[in-house]
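Colleague: Single-letter residue listing:
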Amino acid sequence: MSAALLLDGGLALLVVAVALRSIAVGPAFAAVVGFVAFGLLLALAWVRLAAVDVALTEAAIGSGVTGAVLIAAAARLRPTEAGSAAERPGPGLRAATAALSVLVSLALAGLVLFPADPAPSLAPDAGAHLAALGVGNPVTAVLLAYRAMDTLLEKVVLLLALLGVWSLAQDTAWGGLPRPQCPSRAEGSLVLLARLLPPVGILVGVYVLWVGAVAPGGAFQGGAILAAMWILAMIAGLLDPPATGRRWVRRAVTVGPAVFMVVGVAGFALPGGFLSYPEGLAKPLIIAVEVVLTLSIAVILGLLVAGPPERKSP
Amino acid sequence: MSLLADVATVLLVVAGAVFFLAGTVGLLRFPDPLSRLHALTKADNLGLGLMVLGLLPQMGGLAAAVKLVAVWLLAQVAGATVTQLIARAVRHGGSGP
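Protein chains in written order, with the numbering used here: chain P, 1 to 314; chain Z, 1 to 97.
None of these hints come from the bench; they were simulated from the model. Don't take each hint at face value.
What the hints assert, rightly or not - Below, a sample of chain Z positions facing chain P; criterion: calculated Cβ distance under 8 Å:
#1 Gln76
#2 Val77
#3 Gln84
#4 Leu85
Where is the CB? At the ideal position from N, CA and C, for every residue including glycine.
Given the sequences, and given the hints that come with them, work out the whole structure.
Modeller: Shown next, in the form of C-alpha cells:
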C-alpha cells in the first residue's frame, strides 16, 4: 500500500462524495458551490493522471467560468426557487433518469476497468509527426492539426452558446447593455483585488497561451484566464459590461473562428485539403490561429457570464 | 548541508500541516461564521506559508522558488479578499446560507 495509492484513492472517493453532495444538497447556490469544488478536485485528479492540459481546462473552464455562470444563474433564480422546489418530476421520469444514469456509469466503468488488450492508442502516431508541425505539445498538435475540425466546430458552438444567451433578451434591449455585474455598493477589498490581480492574471493568461505550443496550455486555458480577469473587473465595478451591439464586441467574438476558417479554406488551395497546413508554415499558422482564438474565447466567456442585454444602450 | 535543508523542510511542512489541521477542526467545530472564517484564515496564511517556506530548499532553482512564493502571495490576496466578502455578507444578511 503505497502513499501514492492512498492519495489517489482518497482523491477519487472525495470526487465521488462531493459530486453526490452537490446533487443531493437542496438550495441551488449550495449545489453550485459543490460543483465548483468538484471541478477543482477533478482537476487534481487529472494532474495525478499526468493530463495537465485537461486539468488546466477543467480548472479554468469546468470549474471557474462555468461556476461563475452557474452562480449568476442561481442568484437570478433565487426568487422563484422556493416555488419550483415543490414541482417534482413524475415517478416514471425519475426511474428512467436513474436507469439511464446507472447504465451510462456501468458502461463507462466497464470500458475503463476492462480495456481491450492492447488498449487502443493513437499516442505514438500523435507523437510521430510533431517535428513536421514544429509544435512540441502533442495535445496542441491534436487540437489544431490532427483534429482541427473538432476544435473549429467547438469554437462555433461557443459562439452559438453566446447567441443563445443573447437571444434571451427582450426585443427592445437587443444589442444593448447587460445588467451591471457590480452591486450598488462596490466592496473595497474586491476593488483592491480587481486592481492587483489583472496585471498578474493577464501575464499568466498570455504565458499559458504562448507555452501551449510546447507544454501544457493553449488558447482555451489562456482565454479563460483572461476572461476571468475581465469578469473580476466587471464584478468589482471597475468596468461595465459592453453593449452587445458594439462593433468591437461583434468583431472580437467572431475573429477567432473566422481566421481559423480562412486558414482552413486556404488549405484547399495550397497543401490540398481543408484545414491542412502548408509545409514549414504549420507552426506560425497554428500560433496565429491560437492567438485570435484566445481573444475570441476570452471575450465570449466574459460575455457569457455578463448575461443577456437588458436595457438599451444610451 | 542538504541534510539540514531536509530537516528544515520536514519540520516546516509538518508545522504547516498542523495549522491546516487546526484550521479544519475550527471550521468544523466553531459555532458562528465569523469564528469559522477566523479559523480558516490561519490555515491559508500560516499553514500555506510554512509549507512554502519548507519547500523552498527543495526547489531546484531560483525561478521555481519565486514561483512558489508567488503562489503563496496570490493565495494570500485571494483568501483575504474572499474572507472580507464573506464576512461582509454575514454581517448584512444574518448567518447566511
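Colleague: Classify the hint on Z:Gln84 as holds or violated, based on whether any CB of chain P lies nearer than 8 Å to its CB.
Modeller: holds, 4 Å
Colleague: Next item in the hint list is Z:Leu85. Is there a CB on chain P closer than 8 Å to its CB?
Modeller: holds, 6 Å
Colleague: Is the interface hint satisfied for Z:Val77? The criterion is a beta-carbon contact with chain P at less than 8 Å.
Modeller: holds, 6 Å
Colleague: Given a cut of 8 Å on the nearest C-beta pair, is the interface hint for Z:Gln76 held or broken against chain P?
Modeller: Hint on Z:Gln76: violated, closest Cβ of chain P at ~11 Å, above 8 Å.
Taken one by one, the earlier hints fail for this structure only at number 1.
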